[in-house]
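Given the coordinates of chain B, assemble chain C onto it according to the supplied hints.
One line per chain: the protein sequences are B and C, in this order. Under my numbering, the first residue of the first sequence carries the number 246, and numbering increases by one thereafter. Under my numbering, the first residue of the second sequence carries the number 82, and numbering increases by one thereafter.
Careful, some of the hints might be misleading.
[Said to hold, decoys possible] Listed next, the stretches of chain C that the computed footprint assigns to chain B, with coverage defined by at least 3 CB atoms under 8 Å from CB atoms of chain B: (1) 388-401; (2) 465-477.
[Stated by the list, open to error] With a cut-off of at most 25 Å between alpha-carbon atoms, the simulated DSS-like pairs for lysine-lysine come out as follows: (3) B/K404 / B/K364; (4) C/K402 / B/K329; (5) C/K86 / B/K381; (6) B/K381 / C/K96; (7) C/K390 / B/K404; (8) B/K434 / B/K404; (9) C/K86 / B/K361; (10) C/K346 / C/K315; (11) B/K329 / C/K390; (12) B/K364 / C/K86; (13) B/K404 / C/K86; (14) B/K404 / C/K402; (15) C/K86 / C/K96; (16) C/K390 / B/K381; (17) B/K381 / C/K387.
Calculated directly from the structure, the hints in this document are not laboratory data. Glycine included, C-beta positions come from ideal geometry on N, C-alpha and C.
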Amino acid sequence: MLTMNNVSKIYQTNSVQTHALRDFSLTVNEGEFIAVTGPSGSGKTTFLNIAGLLEPFTSGQYTLDGVDIGGLSDNETADLRNQKIGYIFQGFNLIPDLNLYENVEVPLRYRGIAAKERKIRIEQCLEQVGLASRAKHLPQQLSGGQQQRVAIARALAGKPRFLLADEPTGNLDSLMARQVMELLEEINKNGATIVMVTHDAELARRAPRNIQVVDGQLADFTLYQGKPTVTATRAEEAVVASGV
Amino acid sequence: MLDIKPIFNAIRRSKIGAVLLLLQIALTMAIVSNAAFMINDHVSYLREDTGFPEKEIFSLSVMTFGKDRSLSQQAELDETMIRSLPGVIDASLTQAIPLSGGGSSSSVRLKPSPEKSKSISVPYYYMDEHGLNTFGIKLLEGRNFRPEEIIVGNDFTGNGPNTVIVSQALADALFPDGGALGETVYLKNRPLEIIGIVGTMKSPWPNGMRDKTTAIVPFMDVQNYQHILVRTDKTERANIMANIEQNMLDVYDKRVIINVDGLDKTKENYDSTDVLMMRMLIVLVVILLLVTALGIFGLTQFNISKRTKQIGTRRALGARKSAIVRYFLVENTMVCIAGLLIGGIAAVVLGDVMMKSYSISSLEPEFILGTAVFIFVMSIVAVIFPAMRAANISPSIATRSI
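Next up, chain B with everything else stripped away, as it sits in the complex (with noise of 0.2 Å):
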């Protein structure tokens, strides 16, 4: 499903370099469900975004379902994240202006679809988050964890194969959090791959694999054991250094 082979990521700002990923190399099965954690600053956001199209690698080879990530245009890459990608932001990302409804709609408009279908879907997916009542609402009539089933919805109406979320339950209180990642196991066994960065180590405990990055580099690639095994030395410095 996901390939990286030795991706790295530097970001560039004046005569400064920093490395938010260095050769990243990691590979996701199809339906997997995997919990990316590690400290701020790691590097967990620049994979998601790489994972997720949204920003490009400085080396490495990245294959997204068969595609080579490296050599497409900017409206392939923007057409692969709307066909194939659905996005879980921990700041929901919901656009204010707009209804739930016209909220779930936005990437199926991208996409093309026609009225009806999209008209379907939508309404299929907000009845699968539990809202579909609620279509006409604005997010702000809303509480976070609604708003949050509904950038769920919006993520699912695409019907993708693989979802990001970037710290999904980090803006809910505990039970909003926990219904909330009871949804997304629904929705992994349904099918979908779901790569989740979390800080929260009880609801990594709760997905099947678990990944650590630390300083750009994987630091654990095993199935979570109760406690995360670091097994890069730099890595275990750093998690030593930082009181983790």
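Showing chain C alone in chain B's frame:
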């Protein structure tokens, strides 16, 4: 895909900026279309033929203080002297200088007062049989005055002239069905037979309502203060103008010669206030358009900075760069069209008010349409660059805190 419905809904739900811009566009539309019409009207007027070869004619004013000469006899001597000058084509006394802003005007009626009849306010020139040649105006119909038809005196109604030469515009206004030549009309209740019809012959008020319905009356009411019109070869005019004062004083020196001006200069002076106003109007229009363009540009910039994360999110959800540009163009187009529609109605109302209040012609629809097209194109130009910048916002913004 234009996404008109969600964009319209988004504008409706967050309308303050859009409404302000809409009002600005409407106001600009109303003012600019009327201003453009007025400017065009004035430019047309400035290009309009006055009927006179302005660069061949000059005028001078004579203020006589000597009491030892008959004014009318002296006038004849002056005319004869001027006509004899090399380069002079003709000269004639007159009580009104064309295109100068000062002259005489009275009602011309088809029947004597108090009988009811059509009545038209007519600016007129008192001139002798040299008047037409001095004006450089050719007869379309009829004939010129004969010397015996020129009346010298000061009792117009009792012992005035019996003939008149009218402009075609006056002939048409008095006799819309034609046949003006030979008809009798009444000026100051004195019957005058129309013996000649000339083409364009502008009045002393060339930008007025009755600028073309003019007449020449063969009457010489010579006063202490009198004007003389002189037509010369174009190349000789400056030289003759330079010497005319001395030539006049050589004939009789108990007088003052003033205001020796070419007719083109006279018209320029007459138009100067209007030209200044038009220039100010043009500056106002340009400023207004610039302010509106800046308003559109500024609002788009503001919307982009306010919606940076939203744009990033749209890009993350699969929007191509062209879709982002299109979004802002459609949004602007909707606001702009609404503003132009309201502005178009306001322009008609404003034009109507101005027509009634300032006696100007009614606003022509092509000016509303032309202004609307111009403002629309200007708004697209004002939006396109910020929109293209917005399209370059990285989709990764969606996951960053800003």
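A quick look at each hint next to the structure:
| no. | hint | result |
| --- | --- | --- |
| 1 | 388-401 | holds (count 10) |
| 2 | 465-477 | holds (count 3) |
| 3 | B/K404 / B/K364 | holds, 14 Å |
| 4 | C/K402 / B/K329 | holds, 18 Å |
| 5 | C/K86 / B/K381 | holds, 14 Å |
| 6 | B/K381 / C/K96 | holds, 18 Å |
| 7 | C/K390 / B/K404 | holds, 24 Å |
| 8 | B/K434 / B/K404 | holds, 14 Å |
| 9 | C/K86 / B/K361 | holds, 15 Å |
| 10 | C/K346 / C/K315 | holds, 14 Å |
| 11 | B/K329 / C/K390 | holds, 22 Å |
| 12 | B/K364 / C/K86 | holds, 14 Å |
| 13 | B/K404 / C/K86 | holds, 24 Å |
| 14 | B/K404 / C/K402 | holds, 23 Å |
| 15 | C/K86 / C/K96 | holds, 15 Å |
| 16 | C/K390 / B/K381 | holds, 23 Å |
| 17 | B/K381 / C/K387 | holds, 24 Å |
Every hint from the earlier list agrees with this structure, and none is contradicted.
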